[in-house]
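Asks: As a plain string of letters, each chain reads:
Number of protein chains: 2
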Amino acid sequence: MSLTTLSENRSHGGIQGVYDHTSDAVGTTMTFSVYVPPHEAGAKLPVLWYLSGLTCTHANVTEKGAYRRACAEHGIIFVAPDTSPRGDDVPDDEAYDFGKGAGFYVNALQEPWARNFRMRSYIEDELPALIAANFPADMARQGITGHSMGGHGALTIALRNQPRFKSVSAFAPIVSPLNCPWGEKALGGYIGPDKDKWREYDAVALIEDGARLPDLLVDQGTADNFLTEQLKTGLLALACKKAGIPATIRMQEGYDHSYYFIETFMEDHVKWHAGRLI
Amino acid sequence: MSLTTLSENRSHGGIQGVYDHTSDAVGTTMTFSVYVPPHEAGAKLPVLWYLSGLTCTHANVTEKGAYRRACAEHGIIFVAPDTSPRGDDVPDDEAYDFGKGAGFYVNALQEPWARNFRMRSYIEDELPALIAANFPADMARQGITGHSMGGHGALTIALRNQPRFKSVSAFAPIVSPLNCPWGEKALGGYIGPDKDKWREYDAVALIEDGARLPDLLVDQGTADNFLTEQLKTGLLALACKKAGIPATIRMQEGYDHSYYFIETFMEDHVKWHAGRLI
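Protein sequences, first through last, are from chains A and B. Sequential numbering from 33 applies to the first sequence in my numbering. Sequential numbering from 33 applies to the second sequence in my numbering.
These aren't lab readings, by the way, just hints derived from the structure by calculation. Heads up, some of the hints might be wrong.
In this list, chains with the same sequence are indistinguishable; a pair is considered to hold if it fits within one copy or across any two.
What the hints assert, rightly or not - Below 27 Å or equal to it, Euclidean Cα-Cα: the simulated DSS-like pairs (lysine-lysine) are:
| # | residue 1 | residue 2 |
| --- | --- | --- |
| 1 | K217 | K132 |
| 2 | K132 | K198 |
| 3 | K96 | K198 |
| 4 | K217 | K303 |
| 5 | K273 | K132 |
| 6 | K96 | K229 |
| 7 | K274 | K96 |
| 8 | K96 | K227 |
| 9 | K132 | K274 |
| 10 | K76 | K132 |
| 11 | K227 | K303 |
| 12 | K274 | K76 |
| 13 | K132 | K96 |
| 14 | K227 | K198 |
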């Protein structure tokens, strides 16, 4: 498993890199970023995954996420994958919330999406192996977070893969694709009309069906335009309460859905993960 | 003096805004960003100016500069102007280092630049008045910093306007346009062949000619591709030494010219300014 270095820049004493590789899982070239903090030679560091939201690539959080200071302080590797397969040969849709940039972290079952739109396998299996082989990563200590669609990805991947992810958080996550227009469009298109098959891609349904997390941190802005119709944080709070999952769900007054919100609470999240990974 | 709000987002307890206005100084619409940290009603806060480098607008540092956390902590307003006049009616050049995006913080004397390329007057006079009129700014407490061409702008504006700027710093500044290709091209084009007229736009020459600063912080990466040919930090160090200006000039091992470098040391700079403004 080889990768190509696109750029490496020193930052906060470590190296912020951007790499690409040929992905078997999704059948295209995929770009991702990795921040490796300063560390002693030979050390193996915990890994924090960050899954991005609709329309994003690795670049949004890499440039705007303000995670490097905290990751350098705590000694955590930060990995930011892309949100979908890419390239001229990949099927797409005109909408911003379906097709490229909107992989929804599923393995698609419907055509023409089934060959390439396999972001679940990419994030759960292929990319972790690549990270383990090429970076000083201790894969026994992984945490996961994400924003919006990526918050959905983080929650569902963590719920399906316990105890692999020892720490879980999210920024303004889509908590139940079964119950919002973004989710209905994406899962209807990628997975098909059988909603029973959607449940493994729905954090609330996974909890209802018995999946558990050790605990959970969520920040959600009260001025987020998507809160009422798409994100529905309350459904997650209720599901966690019923299931006995200790969830710290913070409604942040006046914050919106942007990276100005994410950067404000990023250090809190890194610290949360550090407390569970170190 | 009125401005139009393009966006306002809550971040680190304050408001990151982007605004535009019609500039008399440069004769075009100009966009700038202002971060106002959380503060008590009626309070007047110190102002830190950040001047950007070649090809940049207000957006680069606003998105990538990682200054909000520190400005919120210290209670400092952060203002990021554009780097040149903009618009279809403004003369331009194909090069990245002349014309739009490359105003060099001068008042041009040569045609066709003389009407619009008046960034010196814009930054020194017009925009401060607009800030004073529209934000909770204490204009008796101003500091200035900048990157590359903007470091040149910060140094020269501070040197020409003492004691207005009580604190001065720079990231990888162009220290002597008289002695580098970027400067020769820009000042030759905007000011003309008489190099005596360049000296008010050259930090080293201003110091040689008697201008002084109370003290100075500069960070410069050793892996910066522009260090040897364009930036020439050593000329500034020598001029400060000869003039008795206390200059903290830090060569940062392995850092390049990018915002990954800037973000690493931004909090140090905000703290430096806070120590002199608060």
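Asks: Against this structure, judge whether each hint is valid.
Replies: Status of the hints after comparison with the structure:
In this assembly of identical chains, the alpha carbons of K217 and K132 lie at most 27 Å apart only when taken from the same copy (14 Å versus 43 Å across copies). Proximity of K132 and K198 under a CA criterion of 27 Å is satisfied in neither setting, with 30 Å inside one chain copy and 50 Å between copies. Taking the closest pair of Cα atoms, K96 and K198 come within 27 Å of each other only inside a single copy of the chain (26 Å); across copies the shortest separation is 30 Å, beyond that limit. In this assembly of identical chains, the alpha carbons of K217 and K303 never lie at most 27 Å apart, being 35 Å within a copy and 48 Å across copies at closest.
In this assembly of identical chains, the alpha carbons of K273 and K132 never lie at most 27 Å apart, being 35 Å within a copy and 56 Å across copies at closest. Taking CA atoms no more than 27 Å apart as the test, K96 paired with K229 passes in neither setting, with 35 Å inside one copy and 40 Å between copies. Taking the shortest alpha-carbon separations for K274 and K96, neither the intra-copy value of 36 Å nor the inter-copy value of 41 Å comes in at or below 27 Å. For the homomeric pair K96 and K227, neither the shortest alpha-carbon distance inside one copy (36 Å) nor that between copies (41 Å) is at most 27 Å.
Taking identical chains as interchangeable, the C-alpha atoms of K132 and K274 are never at most 27 Å apart, the minima being 36 Å within one chain and 59 Å between chains. Taking the closest pair of Cα atoms, K76 and K132 never come within 27 Å of each other, the shortest separation being 34 Å inside a single copy and 47 Å across copies. Taking the shortest Cα distances, K227 and K303 never come within 27 Å of each other, neither inside one copy (37 Å) nor across copies (54 Å). Taking the shortest Cα distances, K274 and K76 never come within 27 Å of each other, neither inside one copy (37 Å) nor across copies (49 Å).
For a Cα distance limit of 27 Å, the shortest separation of K132 from K96 qualifies both inside one copy, at 21 Å, and across copies, at 25 Å. Taking the shortest alpha-carbon separations for K227 and K198, neither the intra-copy value of 29 Å nor the inter-copy value of 64 Å comes in at or below 27 Å.
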